[in-house]
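If you read the sequences in order, they're chains A, B and C.
Positions 1 to 49 (the numbering used here) are the ones given, in order, by the first sequence.
Positions 1 to 168 (the numbering used here) are the ones given, in order, by the second sequence.
Positions 1 to 562 (the numbering used here) are the ones given, in order, by the third sequence.
These are calculated hints, taken from the structure and not from any lab test.
C-beta: ideal position from N, C-alpha, C; glycine also.
Heads up, some of the hints might be wrong.
Stated by the list, open to error - Below, in silico cross-link-like pairs of lysine-lysine (BS3-like), each with a Cα-Cα straight-line distance of 27 Å or less: (1) C:LYS528 - B:LYS9; (2) C:LYS176 - B:LYS9; (3) C:LYS176 - C:LYS419; (4) C:LYS528 - C:LYS419; (5) C:LYS498 - C:LYS415; (6) C:LYS498 - C:LYS421.
Said to hold, decoys possible - Covered stretches of chain B, going by a simulated chain C footprint (3 or more residues, C-beta under 8 Å): (7) 21-29; (8) 36-49; (9) 65-76; (10) 119-131; (11) 154-168.
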Amino acid sequence: MTTESEHDSEAQGEFEPRGTVAFVAAFVVVLLLMWFSIYIIMLSRGTTI
Amino acid sequence: MSSPETSEKIPLHVDPTERAWMRAAIAILVVFAISVTIAGFMLGIQLPTTEQRVNPQTLQDAPPWSEPGVREIVAGEQYDVYVVAKRFFYEPNVVEVPAGAEVNFYVTSTDVQHGFKIQDTNVNFMVIPGQVSTLTFTFDEPGSYDYICTEYCGLGHAVMFGSVTVTP
Amino acid sequence: MLTDTTTTPVYELTKSDKRFIGWHIFFAVTALTIGSLFGPLQALQLAGVDWYPNIDFLFIEINGVNSYYQGLTLHGVLNALIWTTFFITGFSTLAVIRGLKRPLAIPMINRVGFWMMVAGLVVAAIPLLGNQASVLYTFYPPMEADSLFYIGLVLVVVGSWIEGLGFYITLYRWRKENPDTRTPFITLAVVINMVMWQIATIGIAVEVLALILPLSFGWVGGIDPQLSRTFFWFTGHPLVYFWLLPAYASWYGMLPKQAGGKLFSDSLARLAFWLFLLLSVPLGFHHQFVDPGVPSGWKYIHSILTFAVGFPSLLTLFTVVASLEYAARKRGGKGLFGWVRALPWGNGSVTAQLLAGILFLFGGIGGIANASYSLNLVLHNTAWVPGHFHLTVASAVTLSFFGISYWLVPHLTGKPLWKPKLAVASSWIYFSGMLIFSNAMHTVGLLGAPRRTPLGLAPYVPAEWNGHLFRVAIGGAIMWIGLMVFVAVVAVTAFQRKRLPEGEVVDVPIAESIQDPQLTPVWLDRWKPWLIATAVLIILAYGPQLIDQVMGIESTSPGFVP
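Extracted from the complex, chain A is given alone in its bound form:
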């Protein structure tokens, strides 16, 4: 544990969260698809003013 602690300051630099980037990128795609599909439903249901 002590040896790990000594490297802590660099640890974040050494660890590149590539998997996290892939994960959130996939999330963003799903988010945009779902949100805009509801937006399109709204547009198709007519104006209210």
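With chain A's structure known, arrange chains B and C on it following the hints.
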């Protein structure tokens, strides 16, 4: 351990990848905000706003609420529809308007809170005693559109509905 | 790896503190067990199957009506208000003591607060079980419940405030003893949550004390329902963050340790919590997008502020996933997505929280849709809404609390977790049911199905809804099975005779941060600037409308029994 003096000057350390994500997250939220702004303020898909106050106890003593229903303003082009929500029905429960006409809905309640949602349209709002809810809608397709109560109003809530008949 | 025991805990809670926290969990799980009984009945009712007559014996019959709505009220109050509040105050007590490594400053304050909450629960339970308060958990006036219902709620909320006061005094004492140390993250997180809750519940306190109780006692003849809604939703949205933030606290401050890693960024974890303090309250009008008595301009402002509070959640997504990836890589995880498999899926506590997070991805997407101004015309009061909040409070929160319970109950009782594999299974069963249920609820909501409605009785249900409503019933039943497995695991764990081997304890998993917390900027450990900014933002976002609505009050609506 750093002393309080030096720690005052500690900058916020953010991993570069996470910093990029923070920017992306803000950008995504801005895209949504712009999209709803366009729909609301340019494409005419707006939310209800304040209309007028009424007294639910004396509401039906005088027009227009003493005789809710359809008012023709310009034949074939513009109609006002007054609907009173009550436990557990709407007055009137059938409304007839022509396709292509601008229809202004005015809805209020004489008892508890109700909902008013015309299926397959964007007309969907709360009905609150003391307040008049309003939205304007144009039915392009002839047919029958149910309006249903979407807020719990008591034991008979599930059977509370009416329908708009849109004539060609 | 199924149960993490140690012989050298960092800090041990006293027996009496453990028992005190244990009482919180006992009431929380009991409320959840009773409240969840109605869940599958509601789901079946949507699909046209009415089982309520079969459970008559559970109700104290007073006026003979045992309805869907009585069940729905009990489900909402016991699950969304009682299970959460009791679990959260218990978990927060633990996080304060264990984070600060010191006992509560004045334990009597917390004890008084807790037993006041219990008294409130008992008082509210009388009309709830007697069908005298079947007004649902939003209790919108002028629909009226028996006065005891409101009095009980007031006692629960005030009790939680008093528990919060106990936390503040403890934190203050600790600060005097440790002037130069960063507040431990887990403690800061739960205390920020409590402060946010106290600010937020001012709304509901005003609604109940100034508007509802005078009507209920017959002192006045009417109420202003629109103004009541505005005060209610001042509290109503931050309420969901009050539920959610303890789960976030666990995901940031505990889950990385349980997964075998460290917190990716201490600074940003703290920043997220301060942003939740700042932004949780001034956005309540997004629940009133289609109210007639709120100007659309203010609705628009609150819509934008609701997008803003999405930011700390998106930040949480990255930091928590990065912390998990760090853990998974240390465990030998490979690949762009393959590392996920290297996480300790055999640990019931970890699995519950990972599945909570996965469901919350979709809960978050739905939440952003709910924030989106005119989009509400499609979504408002449809089945989409309960579909959404079952992914938040009933998934992100409840599954995380399952996960926390799987180490917390052994920690408090000194007994080993009963059947760790069943603990893993409970979350998977619940998760599967929730996927089916929530997908169907969202879909049928988009098709126009209303919420809070026994659709089996509704005359306007088109045939295209039926398949989805059937899936609602199936999903709801599966969720209930998963939940009962959870209850069985924690109940047997707590009440079994078997104890952990002499000298062994299950320690509280407190994650270290990759970055030394002492290197976190001081402004992320200071209350004053954040509290001032919070107050200013609330005044700007709510002040003008509140003044308008209060000045224009028209108490013309008499009360109605549901």
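Structure-based check of all given hints:
no.: 1; hint: C:LYS528 - B:LYS9; verdict: holds (18 Å)
no.: 2; hint: C:LYS176 - B:LYS9; verdict: holds (22 Å)
no.: 3; hint: C:LYS176 - C:LYS419; verdict: violated (44 Å)
no.: 4; hint: C:LYS528 - C:LYS419; verdict: violated (47 Å)
no.: 5; hint: C:LYS498 - C:LYS415; verdict: holds (6 Å)
no.: 6; hint: C:LYS498 - C:LYS421; verdict: holds (18 Å)
no.: 7; hint: 21-29; verdict: holds (count 6)
no.: 8; hint: 36-49; verdict: holds (count 9)
no.: 9; hint: 65-76; verdict: violated (count 0)
no.: 10; hint: 119-131; verdict: holds (count 12)
no.: 11; hint: 154-168; verdict: holds (count 6)
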